[in-house]
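What follows is the residue order along each chain.
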Amino acid sequence: MSELLQGTLDMLILQTLRWGPAHGYSIAQAIRAGSRDVFRVETGSLYPALHRLEKRRLVRAEWRTSANKQRAKYYRLTPAGRRHLTREQSRWRQLVHAVRALMRPRGQEG
Amino acid sequence: MRWLARFRRRRDEEIDEELESHLRMAIQDRIERGEPPDAARRRALAEFGSRTLAKEATRSVWTWTAIEQLAADLQIGVRVLWRAPALSAAAIVLIALVIGGNTTIFSMVHSILAKPAPGVAADRLVTLGWVTDGDEHPDGSYPNYLYVSAATTTLRPMLAFAFNRFILTTGDGSYAIQGVTATASYFETLAIRPIKGRTFTDREERLDASGLVAVISQHLWRERFAESADIIGRTTVVNGHVATIVGVAPPDFRGVLFGEGSDIWMPLVAYAEADGARATLADRAAPRVVTIGRLAPGVSLTAAQAELATIARQLPRAPGDAWRSRTIQLFPYSATAAGDSLVAQRGPWFLAMFSIITGLTLLIVCANVANLMLARAVVRAREMAVRRSFGASHARIARIFIAEGLAIGMAAWAAAALFAFWTTRAIPRLMKPFDGNGSRIAFDFTPDWQVLGYAMLLALAGTALVSAAPAIRACRHDLQPLLKAGEQGVVPGRSSVSTGLVVLQLAFSVLLLTTAGLAYRSLAMLTATDLGFDRDKLLLVTINTRAAARTAPANVALLDAMVERLRTVRGVTAVTYARRPVQAFWWMEPVSAGAGAAPLVVERNEVGPGYLRAMGVAPIAGRDIDAHDAARGAVAAIVNQRLAAALWPGQPAVGRTLQLRAYREPVVVAGVAPDGLYSGYRRQSDPNFVLVSARHAPPPPDEMTIYVRYASSLDEAVPAIGRALRAVDDRAPIVYLRTMDEQLASLTWLVDALAILLGLFAGGSLLIATIGQYAAMAFTMRRRMRDFGVRIALGASTRDIASSVVREGLRVTAAGLAIGAALGLATAAALRSMLFGITPTDARTYAGVFALLAAASLVACYLPAHRAARIDPMQALRDE
Chain L
669 MSELLQGTLD MLILQTLRWG PAHGYSIAQA IRAGSRDVFR VETGSLYPAL
719 HRLEKRRLVR AEWRTSANKQ RAKYYRLTPA GRRHLTREQS RWRQLVHAVR
769 ALMRPRGQEG
Chain V
6 MRWLARFRRR RDEEIDEELE SHLRMAIQDR IERGEPPDAA RRRALAEFGS
56 RTLAKEATRS VWTWTAIEQL AADLQIGVRV LWRAPALSAA AIVLIALVIG
106 GNTTIFSMVH SILAKPAPGV AADRLVTLGW VTDGDEHPDG SYPNYLYVSA
156 ATTTLRPMLA FAFNRFILTT GDGSYAIQGV TATASYFETL AIRPIKGRTF
206 TDREERLDAS GLVAVISQHL WRERFAESAD IIGRTTVVNG HVATIVGVAP
256 PDFRGVLFGE GSDIWMPLVA YAEADGARAT LADRAAPRVV TIGRLAPGVS
306 LTAAQAELAT IARQLPRAPG DAWRSRTIQL FPYSATAAGD SLVAQRGPWF
356 LAMFSIITGL TLLIVCANVA NLMLARAVVR AREMAVRRSF GASHARIARI
406 FIAEGLAIGM AAWAAAALFA FWTTRAIPRL MKPFDGNGSR IAFDFTPDWQ
456 VLGYAMLLAL AGTALVSAAP AIRACRHDLQ PLLKAGEQGV VPGRSSVSTG
506 LVVLQLAFSV LLLTTAGLAY RSLAMLTATD LGFDRDKLLL VTINTRAAAR
556 TAPANVALLD AMVERLRTVR GVTAVTYARR PVQAFWWMEP VSAGAGAAPL
606 VVERNEVGPG YLRAMGVAPI AGRDIDAHDA ARGAVAAIVN QRLAAALWPG
656 QPAVGRTLQL RAYREPVVVA GVAPDGLYSG YRRQSDPNFV LVSARHAPPP
706 PDEMTIYVRY ASSLDEAVPA IGRALRAVDD RAPIVYLRTM DEQLASLTWL
756 VDALAILLGL FAGGSLLIAT IGQYAAMAFT MRRRMRDFGV RIALGASTRD
806 IASSVVREGL RVTAAGLAIG AALGLATAAA LRSMLFGITP TDARTYAGVF
856 ALLAAASLVA CYLPAHRAAR IDPMQALRDE
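First to last, the protein sequences are chains L and V.
So this note's numbering is basically just the index in the first sequence, starting at one, shifted up by 668.
So this note's numbering is basically just the index in the second sequence, starting at one, shifted up by 5.
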């Protein structure tokens, strides 16, 4: 499954960054592993999303040398990004509840 | 724009590097998981997807902001312009010249009309105009000023002042200076703070035991007191009265009016009392003071105007004053608003005139540049078609043209600003810096931010005009055929826009040329007018006798002594004097021409013995004013022929008497002079004069002008005259000294300057229009190369081709001439009042303009025609 709802990818990226700064590749891997291989984030979506978040000041980027001596651009959550993530999470929970309620077979309510 | 490009390039590289590092890590990951390097790389690349797409998508996050888009467009604009440097440079130079020229003129007009005098805080200052029975007078009377300033609540504070010429006597000599007598509120109202000492107080407005006080200019402090530190409290002699210096005005402040050049300020009432003129100042009917006020905080001009109209109606009536209506008009203060100068009177007219010229020249040049751009737009039609077929919207294409126009406009604006800074410094040096009263006019035309804003406005207007035509053309035309045609394909249809622009330019050139021509002819007529006296080798020496003479008879005695002394100077052939010089205002007298007849207005002046002889005029009847007149008893006078004929038709005038308002006794006509313009150039035709013997009607000590006719060179005469005058009395300084030609030019320099400017504009516009027509023709020729090739191949002679091309060009010229002539006639009719001695339909002007333009146009058409006729048909057809 590669199509994601608009905005969901942003949330997933922010969620990943909650554990600390990461570069694009590790974010993609983390999402893929975390979703048990369901979400494969394409580079063509990942990087525009990252840059969009950077432009909106939700993440900050800086060039660093990775553990295996590679130069990479690391992204880090900003306080604004953290607040945004919290909002998005509660929104997402509402959405999931609503969808679950709709999708539950009849007669099983309550 | 370079920093932006660099910034963008860096971001691009960064995105590249980021994607690169992603790919590297993906490959390494796979290798670490045990895949062979080759396969790892292949799979990683496949998983990665299109790198270009990823990069573009990432980059697009950052671009597409409006400013960056504009910058990108501008960059395209600059690049396009850079590709055709000659054409772009031509466009920029053309626009820069026209904007620069216009900015210069605007700057001049602006500094003359709108700028406050240096040092004056003009904010919320208003000048009062006193209107009686519809007649507006810039001056009010002092009692009326007192009444208004006590009654008003909207003008706080108010000031009144009068101009004065003073003689300052210091330890090392006497100097004539310009000064002001003012109310104590003068400095407060204008917000002028002295750099040393103080200004005068309310108490010092009245003359008391402490005597007169004075504030001097920093200029005078430097020139006459060597900036001495103990200047405050020093006494000096002004017009024979001792005054204590209490303050020094700030450096740039020389009075409120344009070119005023005041050096000393003294209390209005106290000075009048010291000078024995208290009664004159108290005359309610005599307008003697300029009045200015500052709007109280929160009060609008309209509110103040309403209040003053009410106050004006309540003004007390002076005894014997017979006015019917009375009001006070408020004007926002400017350095010329209160002036009585020609500049001030003609100011709005000049402004209108120059606005029109400005607009017209800008239109012409922009039409031209638009034509150049249009020409290129046609060449680039294919490029635009390609862009369109790739999905560029109309708006996008229009934006490209606008960006080009903007790039040209901005470059031109910068160049124009430099040009204007340069010319505004150069022009004052070309101008005659004196007015008719000998005041030196200090011009400061340097553009301020308002003027630069105006230039920017012009540049933007120019841009809009320049880019509109090609943009419209690009959007309107169906571009598909262009794609099918070859690179050299024939563009269908003649461009009516282009032809229209050429016609427009020619029409404007005609308009400007005729206006300039009329101004020139009018000026030529003016200066060629026979004044009726000999203006060559005549020197006017104005002296101030106030310190040297106490009474009117002493004044005349002093002048007689000076004349006697000057007669002995080598090279001097005739000497006389007059109360007022030529080309200054003479006194106007209504003279009754018998019962029932309308009174004639006569100009009066008091003159010394031998006046006619010195002026080079021979009397028709009777004699000149002579030295023996006093002994004969009656007041001798000379009238001009027309006046004599009007007063005593068919009878000899000599011996007749004439009652003038100025004297108690009637004057006796001693001689009749031929008609002439004895008081200088005037707008009224056929003036009449009475020249009264100064010995009989001695004028009070003040400025008097000695006329010296000399045979030697000016360089020899001037020092000798100065020495002779000082030898008689060194307390009567020379106020100013100039030849009669210079004196007469004091009126004409403005008209002169106008004519020169108009001429420059017109010449420029002719040149530009000609180039424009040439460019348009040359371009048409290039487009029709194949057409001509075919015709030549079919047997048309070179002459046929050339004449057909020229004929086509001249049709355009004829249209331009016709429209231009119509516009010219309409404009000239509107300017009728400014023309001197010629009618707006002056045939010679129009004939000249037509011939000039037709010749220029012929050249512009012939050159491309000549080239068209020499086309090699094979070459032209092969290009297809």
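FYI, nobody ran anything at the bench for these hints, they're computed from the structure.
What you are looking at is a predicted structure, and each value in this text was computed from that prediction instead of being measured.
Please note that the accuracy of each hint is not assured.
Computed far set for chain V versus chain L, every beta-carbon distance over 12 Å [said to hold, decoys possible]:
#1 M30
#2 T556
#3 T573
#4 F784
Mimicking DMTMM-like on lysine to aspartate or glutamate, the simulated pairs with C-alpha atoms at most 20 Å apart in a straight line are [what the hints assert, rightly or not]:
#5 K723/L - D34/V
#6 K737/L - D34/V
#7 K723/L - E756/L
#8 K60/V - E730/L
#9 K737/L - E25/V
#10 K723/L - D17/V
#11 K60/V - D128/V
Beta carbons are placed, not taken as given, at the ideal position from N, Cα and C, and that holds for glycine.
For each hint, the structure was consulted:
no. : hint            : in the structure
1   : M30             : 4 Å, violated
2   : T556            : 90 Å, holds
3   : T573            : 95 Å, holds
4   : F784            : 47 Å, holds
5   : K723/L - D34/V  : 30 Å, violated
6   : K737/L - D34/V  : 14 Å, holds
7   : K723/L - E756/L : 18 Å, holds
8   : K60/V - E730/L  : 18 Å, holds
9   : K737/L - E25/V  : 15 Å, holds
10  : K723/L - D17/V  : 15 Å, holds
11  : K60/V - D128/V  : 58 Å, violated
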